[in-house]
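**Student:** Line by line, the protein sequences are chains A and B.
So the first sequence is residues 1 to 314, counted in my numbering.
So the second sequence is residues 1 to 291, counted in my numbering.
In short, the hints are calculated from the structure, not lab data.
Glycine included, C-beta positions come from ideal geometry on N, C-alpha and C.
Some hints here could point you the wrong way.
Cut-off 27 Å, straight-line C-alpha distance, at most; resulting in silico cross-link-like pairs (DSS-like, lysine-lysine) [unchecked claim]: (1) A/K311 - A/K298; (2) A/K298 - B/K81; (3) B/K81 - B/K186; (4) B/K166 - B/K81; (5) B/K166 - B/K186; (6) A/K298 - B/K186.
Non-contacting residues of chain A with respect to chain B, defined by C-beta distances greater than 10 Å in every case (computed) [stated by the list, open to error]: (7) L12; (8) V25; (9) G95; (10) V96; (11) L97; (12) V127; (13) F149; (14) G150; (15) R184.
So the chains spell out like this:
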Amino acid sequence: MSAFLQRHRGLLILAACIALLPLGVRNDYHYDVLINAGLNAIVVVGLNLLIGYAGQISLGHAAFFGLGAYASAILTTTYGWHSLTAMGAGMAGVGVLAYVVARPILRLKGHYLAMATLGIGVIISIVLNTEAQITGGPDGMSAEPFSVFGFAFQTEKSWYWLVGGCLLASVWLATNLINSPIGRALRALHGAEVGARVVGIDTTHYKVLIFVISAMFASFAGSLFAHHTPTVTPSILGFIKSVEFVVMAVFGGMASVMGSVVGAFIMTLLPNVLASIEDFEPIILGAIMMGTMIFMPKGLVPTIAKKLRRKEAP
Amino acid sequence: MLESSIQFILAGLTSGAIYALVGLGFTIIYNASHVINFAQGEFIVIGGMSTVALMAAGLPLPVAIMLATLVTMAVGMALAKFAIQPARDADVVALIIITIGASIFLRGIVQLVFGKDIHSLPHFSGETPLNLMGATLMPQSLWVMGVAAALILVMAWFFNATLAGKAMLATAYNALAARLMGVDTKWVLLSAFALSALLGAVGGIVVTPITFVSYESGIMLGLKGFSAAVLGGLGNGVGAVAGGLILGIVESMSAGYISSAYKDAIAFVIILVVLVARPNGLFGKKGIDRV
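All chains should be built: construct the whole structure from the sequences, respecting the hints.
**Tutor:** Next comes the structure, spelled out in structure tokens:
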């Protein structure tokens with residue numbers, strides 16, 4: 001039992017936070033912001049597996065989020081599929097697509113990989129923007145309500161608990177993955193790719209695997225997003241959105257599952273907090289991003305955790 | 001058929017010239033610091049916007065251009081001094097976030113100072129189109145290509161024939177060895193940002209009469225410049241220029257012959273194909289992993 005506590009301390013803290021947060025919620029708008037923060041957090045937890053643990057960058061992850069969202073919207077409205085089947089089909093499709101593109105592009109390194117993932121994101125976004133008969137073009141489209149076994153999620157409150165539960169499940173899955181042989185192989189790969197190959201780790205296989213997994217996390221969150229938001233528009237899968245996901249991961253802390261969650265929450269809440277001083281919002285946001293990376297290059301959560309540990313054991 | 005091809009090539013060379021300048025700016029900074037400066041597009045916007053504002057204040061065009069370029073170079077050096085230098089030892093990804101943060105920051109300031117409107121500048125030598133083998137060409141396009149070519153030649157001369165340029169190249173090859181030989185690498189970083197801001201600002205100013213400028217226009221131009229630099233092979237100046245021109249021509253050809261909605265997508269598909277075939281760009285050297 002204590003080993004379980006040790007390993008899943010973060011998970012339990014997160015569960016407590018999710019259970020207690022509604023006490024401070026005054027209206028539906030607050031719920032809406034928290035729900036979006038939770039959905040972003042699911043994407044970032046997956047993305048951080050790729051960036052923080054495997055050491056590979058992706059500047060195109062919003063495209064997978066967007067594909068999941070469009071799959072759910074198109075399949076439930078145009079084809080009348082059940083929302084769960086649509087979500088599963090979206091994840092499977094995104095997984096296959098990620099696998100096909102990952103094989104050639106993950107041979108690239110550093111900035112070249114950044115360029116390639118960015119390019120894939122831009123291409124997917126242009127296609128969805130242009131094929132207006134299917135996607136509704138720049139105006140976007142909406143999905144049918146999300147329902148599980150006959151229960152339709154309509155209120156913000158029910159959505160909050162749904163997303164909270166999904167976030168916990170994602171964190172649990174990611175933590176287990178990191179502590180499995182796959183996670184150890186990834187860390188070896190991050191440390192020294194050639195070294196990992198020399199000791200017999202099929203590095204390409206693991207890089208592709210984690211790319212596919214992280215793309216499916218994004219697609220999953222995208223599907224939920226599509227059912228929750230009034231309209232799915234191409235703006236959700238642009239380059240800027242991809243950058244936002246990377247910023248959340250790095251800001252919260254690379255190679256830290258809890259860091260991903262904290263990063264996603266802060267970076268989602270911040271623009272809403274700053275909205276009252278609208279004209280200065282980008283300036284403050286940019287300054288915070290630069291300041292954090294200059295003074296805490298490891299990200300928020302790892303830096304604070306290190307400080308706390310030093311206090312505990314002087 | 002031939003006329004339209006010439007027309008598309010001319011249009012492609014005009015936008016390609018700007019991509020080449022931005023790509024060269026990426027390359028210079030990358031060589032000096034191994035940083036990809038995602039705020040590169042903002043230099044274009046600051047150059048264009050300040051020229052518009054200075055002209056509105058009553059200054060003649062040449063003076064406005066000079067002052068706007070100096071303003072942009074000062075911004076570039078401030079960025080190097082206050083955001084890049086303090087984080088010299090940070091991870092590559094952290095440095096990427098810093099420059100993205102800088103671009104959001106600068107975009108916010110531009111929006112605050114100059115507003116959200118789209119601005120333009122008068123064409124430098126009138127708007128009577130020239131006729132070239134059946135294709136038409138605006139005099140401003142000649143300005144864009146001419147100024148870009150001149151800047152690229154000056155850069156080539158600077159890096160190959162002056163002591164300062166050679167010091168910067170030496171830093172790119174091996175920063176530690178360059179320091180041991182007495183090169184002030186902090187100075188190299190500042191100069192790299194100043195030069196790259198200069199390229200962006202001048203490029204932004206000459207192209208503003210054609211494409212206009214708004215606080216947001218730096219995002220796409222920055223991406224195109226990055227693509228140009230990567231296509232040619234990061235760190236290779238000639239490659240960045242070639243990459244920019246290729247990108248410009250591919251875009252305008254696909255817009256003309258295939259579909260204007262898909263022109264950016266086709267450009268990126270070609271970049272992906274090139275990268276898969278040549279993982280270090282068209283002119284890049286093969287990298288060696290150190291264990």
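**Student:** Next, verify each hint and record whether it holds.
**Tutor:** Here's how the hints hold up against the structure:
1. Among the hinted pairs, A/K311 with A/K298 is consistent with the structure: their alpha-carbon atoms are about 19 Å apart, no more than 27 Å.
2. A C-alpha spacing of about 21 Å is found between A/K298 and B/K81, which places the hinted pair at or below 27 Å, so the restraint holds.
3. About 9 Å separates the Cα atoms of B/K81 and B/K186, which keeps this hinted pair within 27 Å; it holds.
4. Under the criterion of a C-alpha separation no larger than 27 Å, the hint pairing B/K166 with B/K81 is consistent with the structure, at around 22 Å.
5. Simply put, B/K166 and B/K186 have alpha-carbon atoms about 15 Å apart, close enough for the 27 Å limit, and the pair holds.
6. In summary, the hint linking A/K298 to B/K186 is supported, as the alpha carbons are separated by about 24 Å, within the 27 Å threshold.
7. The claim that A/L12 lies off the interface holds: its Cβ sits roughly 29 Å from the closest Cβ of chain B, which is beyond the 10 Å cut-off.
8. Residue-level check passed: A/V25 sits 29 Å from the nearest beta carbon of chain B, beyond 10 Å.
9. At roughly 20 Å, the least C-beta separation between A/G95 and chain B is larger than 10 Å, which holds for a residue marked as non-interface.
10. A cut-off of 10 Å between C-beta atoms confirms that A/V96 is not in contact with chain B; the least separation is 18 Å.
11. Consistency note on A/L97: stated as away from chain B, and its beta-carbon is indeed over 10 Å from all of that chain's, at 14 Å minimum.
12. Distance to chain B contradicts A/V127 as a non-interface residue, since its nearest Cβ pair spans about 7 Å, not more than 10 Å.
13. Annotated as non-interface, A/F149 keeps its C-beta farther than 10 Å from every C-beta of chain B; the closest such distance is 41 Å.
14. Against chain B, the non-interface label of A/G150 holds: every CB pair exceeds 10 Å, the least being about 42 Å.
15. With a least beta-carbon separation of about 19 Å from chain B, A/R184 lies farther than 10 Å from that chain, consistent with its non-interface assignment.
Checked against the numbered hints above, the structure breaks only hint 12 and satisfies the rest.
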